[in-house]
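Enquirer: Given next are the chains, with one letter for each unit.
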Amino acid sequence: MEFPYRLKQGLILFDGAMGTQIHDLDPTDAEWDGRSGCPEILNLTIPDKIQQIHENYLAAGSDVIETNTFGGNKIVLSEFDLGDRVVEINRRAAEIARRAAQKYSIPEKPRFVAGDIGPGTKLITLQQTDYDTLYESYALQARGLIQGGVDMFIIETCQDPLQIKTALIAVNDELKIAGLNLPRIVSITIETNGTMLIGTDITAVLAIIEPFQVDVIGMNCATGPEQMRPYVKQICQSFCGPVLVQPNAGLPQMVNGEMVYTLSIEEYVSVLSSFIEKYGVQIVGGCCGTTPEFIRAMAAKIPTLIKAQRNPVLKSSVTSVFSAQDLHQDPAPFFVGERSNTNGSKKFRECLLANDWDCVVNISKHQEMTGAHGLDLCVAYTGRNEIQDMHEAVTRIVRQVNLPIFIDSTDVTVIETALKLIGGRSVVNSINLEDGEGRSQHICQLAKRFGAAVIALTIDEEGMAHDVDKKLTIARRIYDIAVNQNGLRPQDLIFDTLTFTLGSGDESLKDAGKNTIAGIKAIKTELPGVYTILGISNISFGLHSGSREILNSVFLKEAINAGLDLAIVNVQKIMPLYKIDQKDVDICLDLIYNRGSNALFSFINHFDKKAGVQKKKSLEDDATPIDEKIRQRIIQGNRVGLEIFLTEALENAQAIDIINNWLIPAMKIVGDLFGSGKMQLPFVLQSAEVMKYAVGKLEPFLDKSDNEAETSIVLATVRGDVHDIGKNLVDIILSNNGYRVYNLGIKCEITTILQKATEVNADAIGMSGLLVKSTTVMKENLELMKQRNITIPVLLGGAALTRDFVNDICAPISNGPVIYCPDAFAGLDSMSLIKGKNWSALKPDNKKGQKVNERVLSKLPIIQQEEIRRDIYIPTPPFWGVKYNTDIDLDKVFAYLTESVLFRGRWGYRRGKLTKEEYDNLIETRVRPEFDALKQHCIDKKLLIPQIAYGYFPCNSVGESLVIFEPNSKHEIERLHFPRQKKMPNRSIADFFLPLNSGKRDIIALQVATIGHDAQREAQRLYKENHYKDYLLFHGLSVETAEALAEYWHQQIRIELKITEEDGAGIDDFIIQKYRGSRYSFGYPACPDLAENNKILSLLSAENIGVSATDSFQMIPEQTTSAFIVHHPQAKYFTLE
Amino acid sequence: MEKYICTNCGYIYDPVLGDEENGVSRGTAFDNLPDDWTCPVCYVEKDQFDPL
Chain A
1 MEFPYRLKQG
11 LILFDGAMGT
21 QIHDLDPTDA
31 EWDGRSGCPE
41 ILNLTIPDKI
51 QQIHENYLAA
61 GSDVIETNTF
71 GGNKIVLSEF
81 DLGDRVVEIN
91 RRAAEIARRA
101 AQKYSIPEKP
111 RFVAGDIGPG
121 TKLITLQQTD
131 YDTLYESYAL
141 QARGLIQGGV
151 DMFIIETCQD
161 PLQIKTALIA
171 VNDELKIAGL
181 NLPRIVSITI
191 ETNGTMLIGT
201 DITAVLAIIE
211 PFQVDVIGMN
221 CATGPEQMRP
231 YVKQICQSFC
241 GPVLVQPNAG
251 LPQMVNGEMV
261 YTLSIEEYVS
271 VLSSFIEKYG
281 VQIVGGCCGT
291 TPEFIRAMAA
301 KIPTLIKAQR
311 NPVLKSSVTS
321 VFSAQDLHQD
331 PAPFFVGERS
341 NTNGSKKFRE
351 CLLANDWDCV
361 VNISKHQEMT
371 GAHGLDLCVA
381 YTGRNEIQDM
391 HEAVTRIVRQ
401 VNLPIFIDST
411 DVTVIETALK
421 LIGGRSVVNS
431 INLEDGEGRS
441 QHICQLAKRF
451 GAAVIALTID
461 EEGMAHDVDK
471 KLTIARRIYD
481 IAVNQNGLRP
491 QDLIFDTLTF
501 TLGSGDESLK
511 DAGKNTIAGI
521 KAIKTELPGV
531 YTILGISNIS
541 FGLHSGSREI
551 LNSVFLKEAI
561 NAGLDLAIVN
571 VQKIMPLYKI
581 DQKDVDICLD
591 LIYNRGSNAL
601 FSFINHFDKK
611 AGVQKKKSLE
621 DDATPIDEKI
631 RQRIIQGNRV
641 GLEIFLTEAL
651 ENAQAIDIIN
661 NWLIPAMKIV
671 GDLFGSGKMQ
681 LPFVLQSAEV
691 MKYAVGKLEP
701 FLDKSDNEAE
711 TSIVLATVRG
721 DVHDIGKNLV
731 DIILSNNGYR
741 VYNLGIKCEI
751 TTILQKATEV
761 NADAIGMSGL
771 LVKSTTVMKE
781 NLELMKQRNI
791 TIPVLLGGAA
801 LTRDFVNDIC
811 APISNGPVIY
821 CPDAFAGLDS
831 MSLIKGKNWS
841 ALKPDNKKGQ
851 KVNERVLSKL
861 PIIQQEEIRR
871 DIYIPTPPFW
881 GVKYNTDIDL
891 DKVFAYLTES
901 VLFRGRWGYR
911 RGKLTKEEYD
921 NLIETRVRPE
931 FDALKQHCID
941 KKLLIPQIAY
951 GYFPCNSVGE
961 SLVIFEPNSK
971 HEIERLHFPR
981 QKKMPNRSIA
991 DFFLPLNSGK
1001 RDIIALQVAT
1011 IGHDAQREAQ
1021 RLYKENHYKD
1031 YLLFHGLSVE
1041 TAEALAEYWH
1051 QQIRIELKIT
1061 EEDGAGIDDF
1071 IIQKYRGSRY
1081 SFGYPACPDL
1091 AENNKILSLL
1101 SAENIGVSAT
1111 DSFQMIPEQT
1121 TSAFIVHHPQ
1131 AKYFTLE
Chain B
10001 MEKYICTNCG
10011 YIYDPVLGDE
10021 ENGVSRGTAF
10031 DNLPDDWTCP
10041 VCYVEKDQFD
10051 PL
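Read top to bottom, the protein sequences are chains A and B.
Quick note: the first sequence, position 837, residue 837 per my numbering, numbers continuous.
Quick note: the second sequence, position 29, residue 10029 per my numbering, numbers continuous.
Quick caveat, the hints were computed from the structure, so don't treat them as lab data.
Backbone N, C-alpha and C define an ideal beta-carbon position, used for all residues, glycine too.
Do not rely on the hints blindly, as some may be mistaken.
What the hints assert, rightly or not - Straight-line distance between alpha carbons at most 25 Å, and here's what the computed DSS-like set of lysine-lysine pairs gives:
{"#": "1", "chain 1": "B", "residue 1": "K10003", "chain 2": "A", "residue 2": "K678"}
{"#": "2", "chain 1": "A", "residue 1": "K779", "chain 2": "B", "residue 2": "K10046"}
{"#": "3", "chain 1": "A", "residue 1": "K697", "chain 2": "A", "residue 2": "K365"}
{"#": "4", "chain 1": "A", "residue 1": "K365", "chain 2": "A", "residue 2": "K692"}
{"#": "5", "chain 1": "B", "residue 1": "K10003", "chain 2": "A", "residue 2": "K916"}
{"#": "6", "chain 1": "B", "residue 1": "K10003", "chain 2": "A", "residue 2": "K510"}
{"#": "7", "chain 1": "A", "residue 1": "K346", "chain 2": "A", "residue 2": "K692"}
{"#": "8", "chain 1": "A", "residue 1": "K1095", "chain 2": "A", "residue 2": "K747"}
{"#": "9", "chain 1": "A", "residue 1": "K557", "chain 2": "A", "residue 2": "K470"}
{"#": "10", "chain 1": "A", "residue 1": "K773", "chain 2": "B", "residue 2": "K10003"}
To be verified - Computed spacing ranges between beta-carbons, pair by pair:
{"#": "11", "chain 1": "B", "residue 1": "E10021", "chain 2": "A", "residue 2": "N997", "range": "44 to 50 Å"}
{"#": "12", "chain 1": "B", "residue 1": "E10021", "chain 2": "A", "residue 2": "E749", "range": "38 to 44 Å"}
{"#": "13", "chain 1": "B", "residue 1": "V10041", "chain 2": "A", "residue 2": "D1089", "range": "17 to 23 Å"}
{"#": "14", "chain 1": "A", "residue 1": "K835", "chain 2": "B", "residue 2": "R10026", "range": "48 to 54 Å"}
{"#": "15", "chain 1": "B", "residue 1": "V10041", "chain 2": "A", "residue 2": "D672", "range": "30 to 36 Å"}
{"#": "16", "chain 1": "A", "residue 1": "T1060", "chain 2": "B", "residue 2": "R10026", "range": "29 to 35 Å"}
{"#": "17", "chain 1": "A", "residue 1": "D326", "chain 2": "B", "residue 2": "V10041", "range": "43 to 49 Å"}
{"#": "18", "chain 1": "A", "residue 1": "N1026", "chain 2": "B", "residue 2": "V10041", "range": "34 to 40 Å"}
{"#": "19", "chain 1": "B", "residue 1": "E10021", "chain 2": "A", "residue 2": "T624", "range": "55 to 61 Å"}
{"#": "20", "chain 1": "B", "residue 1": "R10026", "chain 2": "A", "residue 2": "I1116", "range": "44 to 50 Å"}
{"#": "21", "chain 1": "A", "residue 1": "K835", "chain 2": "B", "residue 2": "V10041", "range": "37 to 43 Å"}
{"#": "22", "chain 1": "A", "residue 1": "D932", "chain 2": "B", "residue 2": "E10021", "range": "33 to 39 Å"}
{"#": "23", "chain 1": "B", "residue 1": "E10021", "chain 2": "A", "residue 2": "I664", "range": "23 to 29 Å"}
{"#": "24", "chain 1": "B", "residue 1": "E10021", "chain 2": "A", "residue 2": "S961", "range": "49 to 55 Å"}
Please build the complete structure, drawing on both the sequences and the hints.
Expert: Here it is, written out as structure tokens:
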């Protein structure tokens, strides 16, 4: 029986791990042939033992065994000096498996051999190898496996989509040479963070593989089966063919220096069974850590399982290497950015000619930010090497810009170069029949080979098609070449019915708009399944710029109504129709559909009149002097018209004077407004953004010498601390007030800071940190500076610092000035003193003489001695052990946000000196709309992904420790330590739990809540791209959302424990603990030891939701909280000191 | 007398109630709190409070 036939006949069982079995064989040095760590050599040295492993799996019930060739490609084998024996080794491995399968094959249970192809050791998208090398490496392996007689291929543990494509192309070619048509399986590996190693998400990788029409898609390795569930579900919902799952035996854990897999056979069988019965998985097996026992248990279970019916739907998408975009957007259209094009943007052309690749990437990134769904990339320029330019541009763009690429070239070699570099699914732009069919044939073959889509222009040997019939006729011809002759599918084709200008007055083009739109309709009707695209702005070529945007926008809307899917446009210049006067729309429609006696004349006439009116309006602004206009723009944070004002100003003033005399004083006013409580932080950042923009515009006019005299500061978050928002705000304010800032980032050792300060001859050092521990680090840093006799002024800032601590503890250590900066503007004031060398003013003011310790000691709360009651009821949890929830509605979480903290604390919209009415008005008109829009943006773009790990554990106290037991056993698995209060009533959190000698178990709930890594990435992006205000708002919302999620889940846990009946009313009560079941986090006063946090993470295996800890016990991503919940009604917060 | 909110944790200081656990009697206006008074929930200083 052949495998494709078997695929139609029910569930199929693969084998388990090979590596683990070989490890157990413990081959001798001789057997390794001096190549320890190369399991493939064992196919030659101990074929019988390898065959025995296969037979063990067959005996256990495997239908399919995989050859021992995971690392059998040329690149890996070359590392063991076996690069010239690739075919032989793979052939031998296949023969061994073949013999084993033959031995066990009976008609009722045929056995098969899958030729195993692993990922190798080089990531091609990271350019650790190149396409041609990797292709050869796989081709040789595939050839050997075919010679050895495999029944199918499994390309597994895939980590990089370009690696998958290369392997598939190599396998396809070898099969074609051998005249065979064997099934091909692709099995991908999704890491704990929810993407492939290279960052590709599951939707994208499916879209990338789909055009290759592989027979089976599945998943293996990396995590345990439970962690695979959401992705398995998604593959089952999207891929039409059979789905395969081969999990590890749980997540690997380090025990006594060895990796072990801890999942029990029962759990393994139970999860795989649920994949079959719930999602319709057809093929199962095992990866790392699984053994014949796992397979035997699964084989026993399979006859009792019924595979769920599936109704998969896969939309046709194109992708970057990271994520996918549907070709049909809802609402349409799919916007293709036109500015990364030597013909579309002067700036892009200039960057290319200067070989300024960063600028090329930035223009491309900018399009991503402004709403493009895809990126048209054209680097053709007469006299330059287009192949080389495409290589330079693509290698950078694929890694830095999250947009599918439209490879825009007329040169087949250039197109192939790009396809060999792009991991995502791209579009080739374009083919036509201008010079006959040859080139189109060639490009269609390439597109088929690499799984790309193709844009086809309706042009033939006679030229561009103007009328509808001709457009359709050419489209049919191209369809025939692409689909019938070269195996592309209708959904791989995107037709362009060509746009001609309506602005020329040319008699023959009067119906061009109408025909283009009718052409779209005709092609969509006659050639079902294909897509359509138009370059929009051609329609208005030659017309006045103001009217062009309106005509373009109306034309686009008409085309969409006719069925247009994609549009090549400058996205920023498209207006929504509701913003255009109905009269303007009507005039445009008359021109597009050639209605009336002279539509073009009416059009020009109408918009000329309008432009006259608008000009008059703008003249009124002119009475204000230019310097005042520029100042106002900075203070208002408004960049409209600023570039024109600056150009005007440069006629009479030097750039450096504009900066020093107008811009910086304007920022000073902003600072004063902030200091007096009249301006809120987000508006300050908006002004800083405009400042940055203005300075950027003036930069080309600055002399080099203008920069030399700058006062500079080295800025860093100190060792062990990852929080950088405060430090970054300081950077923003200082660098936009004329200071040179060297921002070293987070977790900086003092030696790094000092080294940089020496290198750049800095005038000051700024240290920042949010943690209490960071205040100690700052102190230690100052001590080291004193030892080395470094007296450079130091600015200290951060949430845990106080003025007293800095003045009384820190300042005396140093021989130089040490200054407390409660906010960024205090930093600015200090820098101006440093600039003026005003050392006396930098001395700390000692008006408050109290030492920190005294202050804390004097604040002894008066708490009555209170017995801890032992007669309370101990809740029963709904389950013991750990559960994960990654399917949480963000809207539900948002409901738990504490708005006042977000608005006033995180965002800095403080009432300050405003009246209550003014403040409420600010909140309702400015802040809440921003808040609502940002929440929606986070939902739409999936920037915040709520994830929870939580669990219930039996426990008992022993003194100041809490012993945590394995559920349903006496086995201790962890011990938490809770220091005792030094004052009355000498409490320890452990006291709230039943002591061990009570003979009765108590219960503790643990939780870790995160909103994922993307939030961190997005915040970094906004900061790097100088969106200061958005950075502040997004970062604040992300951190508060993590808090809200913790609050939400805290509530869930209390509901699950049934202890909510004692609650006060409303969420505000959570803050003052009017409820049973307090939530504590390590690092807070009652339990300050952050190191204990790692125990919670490990008890909950928090790595399953992508959470880890740094060596200073902080959680990554930053937007993560961990906590334990104490159900005892008397458990409230307290301080130890 | 005006209430003040802690911008770090959301605790509201109500002068009518004072903060008796920490030695602040009922009827103490926010401005009259001792300089070393901190938020009873999250321990940030007075300058982190904002009029409600």
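Enquirer: Between the alpha carbons of K10003 (chain B) and K916 (chain A), is the straight-line distance 25 Å or under?
Expert: holds (12 Å)
Enquirer: For the pair supplied as a hint, K697 (chain A) and K365 (chain A), is the alpha-carbon distance within the 25 Å limit?
Expert: It holds: about 20 Å lies between the C-alpha atoms, which stays within 25 Å.
Enquirer: Just tell me: holds or violated, for the beta carbon distance of E10021 (chain B) and S961 (chain A) against 49 to 55 Å?
Expert: violated (28 Å)
Enquirer: Taking the Cβ atom of N1026 (chain A) and the Cβ atom of V10041 (chain B), is their distance within the range 34 to 40 Å?
Expert: holds (36 Å)
Enquirer: Given the hinted pair K773 (chain A) and K10003 (chain B), is their Cα-Cα distance within 25 Å?
Expert: Judged against 25 Å, a Cα distance of about 32 Å means the pair is violated.
Enquirer: Sort out whether K470 (chain A) lies within 25 Å of K557 (chain A), counting only the CA atoms.
Expert: holds (24 Å)
Enquirer: Assuming the hint says 29 to 35 Å, is it satisfied by the Cβ distance from T1060 (chain A) to R10026 (chain B) or not?
Expert: With Cβ atoms ~31 Å apart, the hint holds.
Enquirer: So the hint says 44 to 50 Å: do the beta-carbon atoms of R10026 (chain B) and I1116 (chain A) match that?
Expert: holds (45 Å)
Enquirer: Could one say that the CB atoms of K835 (chain A) and V10041 (chain B) fall in the range 37 to 43 Å?
Expert: For K835 (chain A) and V10041 (chain B) the Cβ distance comes to about 40 Å; the hint holds.
Enquirer: Would the pair K779 (chain A) and K10046 (chain B) pass a check requiring their Cα atoms to be no farther apart than 25 Å?
Expert: Within the cut-off at roughly 24 Å; holds.
Enquirer: Cβ-Cβ distance between K835 (chain A) and R10026 (chain B): within 48 to 54 Å?
Expert: Given about 49 Å between the Cβ atoms, the range holds.
Enquirer: Is 55 to 61 Å right for how far apart the beta carbons of E10021 (chain B) and T624 (chain A) are?
Expert: holds (57 Å)
Checked against the numbered hints above, the structure violates hints 6, 10, 11, 23, 24; every other hint is satisfied.
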